[in-house]
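> Protein chains in written order, with full-length UniProt numbering: chain A, 1 to 356; chain B, 1 to 356.
No wet-lab data here; the hints were simulated from the structure.
There could be a bad hint or two in this list.
[Stated by the list, open to error] What follows is a list of derived Cβ distance ranges for each label pair: (1) B:Pro222 / A:Val214: 44 to 50 Å; (2) B:Met1 / A:Asp279: 54 to 60 Å; (3) A:Asp324 / B:Gly238: 45 to 51 Å; (4) A:Glu342 / B:Gly196: 27 to 33 Å; (5) B:Thr350 / A:Ala115: 38 to 44 Å; (6) B:Thr220 / A:Gly287: 50 to 56 Å; (7) B:Gly196 / A:Gly50: 53 to 59 Å; (8) A:Glu342 / B:Pro222: 50 to 56 Å; (9) B:Glu263 / A:Gly287: 42 to 48 Å.
Note that the Cβ used here is the ideal one computed from N, Cα and C, for glycine as well.
Number of protein chains: 2
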Amino acid sequence: MGVGIIGASPERGWAASAHIPALRALPAYEIRALSTSRRESAQAASRQFGVPLAFDNAEELVARPEVDLVVVSVKVPQHRELVTTALEAGKDVYCEWPLGNGLAEAEALAALARARGVRAIVGLQARASPAVRYVRDLVSSGFVGEVLSTSLVGSGLAWGGIIDPSSLYLLDARNGATLLTIPFGHTVDALCWCLGEFREVSATLATRRPAVPVMGTNETRPQTSPDQVAVSGVLTTGAVASIHYRGGTSRGTNLLWEINGTEGDLVFTGSSGHLQMTDLSLSGGNGKEKFGPLSIPERYFAAPGAPQGSAFNVAQAYAQFAQDPGSVPSFDDAVVRHKMIEAILEAARTGQTQRL
Amino acid sequence: MGVGIIGASPERGWAASAHIPALRALPAYEIRALSTSRRESAQAASRQFGVPLAFDNAEELVARPEVDLVVVSVKVPQHRELVTTALEAGKDVYCEWPLGNGLAEAEALAALARARGVRAIVGLQARASPAVRYVRDLVSSGFVGEVLSTSLVGSGLAWGGIIDPSSLYLLDARNGATLLTIPFGHTVDALCWCLGEFREVSATLATRRPAVPVMGTNETRPQTSPDQVAVSGVLTTGAVASIHYRGGTSRGTNLLWEINGTEGDLVFTGSSGHLQMTDLSLSGGNGKEKFGPLSIPERYFAAPGAPQGSAFNVAQAYAQFAQDPGSVPSFDDAVVRHKMIEAILEAARTGQTQRL
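The shape of chain A in the complex, shown without the other chains:
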C-alpha cells in the first residue's frame, strides 16, 4: 500500500517518531510521499526519511496516484481541512486522534468518509496494543467473571508545571488537544473497547494551573485546557467506572487501570497515562489462582518486529489494517468517543449527570 504522510516534519513530531518507524517495519506499506507546510522542511524530510515525493501542500500529495492511504499527522485544528482534502480525492485516510476539533467536525468527517466509500481510520491505537487486545479477550471469556467496576488513575505528562515552546497549543482548550481529549481519550477508548461504553457520566474538570511557565524562557502562558479530569459513571453493562487524570507527572502513580470482577481482577500499570504509547505491565488473577504478572500470548502481536516506544502500537494498528481493515477504529468509532467527551464537558459544565 502506498502511503503519503501529511505533517512529516523532519525535526520533531508524531509522524517522525511513530508513523515513519512503524511503516518502515511493515512490508505491506511503502511511504511514497510526504508533505509539510514549507518547501524547505518538505525537502529536508524527503532526504531524512528517504521518501521520493515531497510537497509543501497537501493537495499535491493526495492527488498522486502512488498514494493509496493518506496519513494526517498534524495539529488537531488542521484535521478537518486536510482530511477533507484527502477524502475528496477518494483516498483512504488514517487520521490521528482526536479526529475533529470537537464533535461536529468529527461527525462531518465521518459522514464525508461514508459518502466517499473510502476506508477512514483514526489513530486510537490503544486498541491495537497486544496487552489491551488480550485483556479484551480475557474479559469477554470470563476471566474476571462479571465486571463489577473499573478504576483508572493516570498522568498526562503535558498539562503539568512547565510547557515546551513547541507544545503551547496544548494549553488552549479551543485547539481540541487537551488532557481530556488526548491521554484520557486514548485510554478511555481502550477501557470502553474492553468493557463497553458508558451509559451515563458525571464529571469534575478544573484548570489548577491557569498560567504555565514556558521552558527556557521567563514567560508564562495562560492555560484553559483542564489539567484535572475526574469522571465517574456507569457502563452499559452496569459496571461502575471511576477515572482520574491529572496534568504532568506524579512521583507516585502515573498509570493504574484496574478491572474488578466477581471472579477475578486485572491490573495495568505504566509510566504515563498515555496508555496508547506507554510501557504497559499487566497483572491478573482469578478464582484461587495467585495474582501476578500475565504475559501476552504471541498471537496478539500483529506486528511482532515493530520498534518499541511510540511506534509500537501504531505499527500494530497498521499491521491489523493491512490484514483486516475493519479491525481498526474507524471515523465512526471516533465519533462515539467524541460524543462521550462532549458528554463529559457538558456534565462538568452543568453539574448534571449526562446520559449517552
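Position chain B relative to chain A; hints supplied.
Leaving out everything else, chain B in the frame of chain A:
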C-alpha cells in the same frame, strides 16, 4: 478516667477487638463497667475482660458514679438511643462512627451534647493515625507545595461476594452502616482533615450485587447498600478529588491514596480501604529528592506502646483525648462528615453536583 463500655460482647465485635485492648494499654483509663443486651453475655464479658461491673442494660451503666466516659460500640441503629441515655446522665461519650443513622440523628446528638456541656467524641480514629497526622503536617508545611489533586481507590472488605451471618445488617442501607458510611467515611474524613473539606461533590453509587450469599449456608440475602461508591469533587482549596470505593477485596489495589502537589507527591498504600485500621505504608518525595518510603517521626505516636491492628488507632485517639480533649473529632465533626455523605447520596440520586 473510668470507662463504661456499652456493647462489650465477649464473642466478637469492635469493643473486644479494639476498645478494650486500646484502653488496657493506657494508664490514664480504667474500664470499670460494661453492658451487653443479655445478662449471660454481660457476665461472660465481665469474666473475660476482668471488668467488675456488668449490666444487661445501658441505664444502669451510665448511672454508675465510677463511669466518667461512656463508650458506645453497638450497631448504628442503636446509637441514638444509647448515646442519648449517656448524654442525659451527663457523661462524656465516645461513640463509634457513624454517629447517627443519617444526618438528622447525628445533628440531634450533637445538639444534645452541646446542651449538656459534656465532651462528646466520635470514633473517626483515622485522624489519630500517626501517618495521617504526619501527612497533615507535611501538607500544611508545604511538602507537596500547593495541592493540585488527590486520588483514592479502596476496597471495603465487606459488601463483597459473601457475607458473614453476623454482619447481615451491613447489607441493608437503612441501617446506616454501609460501604459509603464506614470505610469510605472513615477514609474521606482523614482526606478532608489533611486537605480540607469538599465544596462540591458529584457521585455515582450502585449496588452491583443485589443478592449476597451468606457464609456457611445456601441462602442469599438482598443488598440495598451501595457496593460501588465513586465520588469526584473540588475541595475548598480548589484541589480536585477523585475517590472510588468498591465492596469486597481486590487481588490488585486495596488502598491507594495519593496527594499530588506543585512541588511533591505523597502516597498511602494499605491492605484494605479501611484506612482507620489498616497497615498503612507512606511514601513521598518533593523537589528533586528521590521518591520513597517515609518513616513517621516518634512525636506522632500518642500511644507508642499500643497494640497493633484494630486497637492501634483507637489507642492513639484515647491517648490524644487524655492529653487534649479538643484534639480528637467531636460530634460536631461527625455532623460535618454526615452532611458530606448526605450530599453524596443526593448527588447520586439526582445526578446533580451538590454544593457544601
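> Check each numbered hint against the structure and report the violated ones by number, ascending.
As far as the earlier hints go, 1, 6, 8 are violated by this structure, in ascending order.
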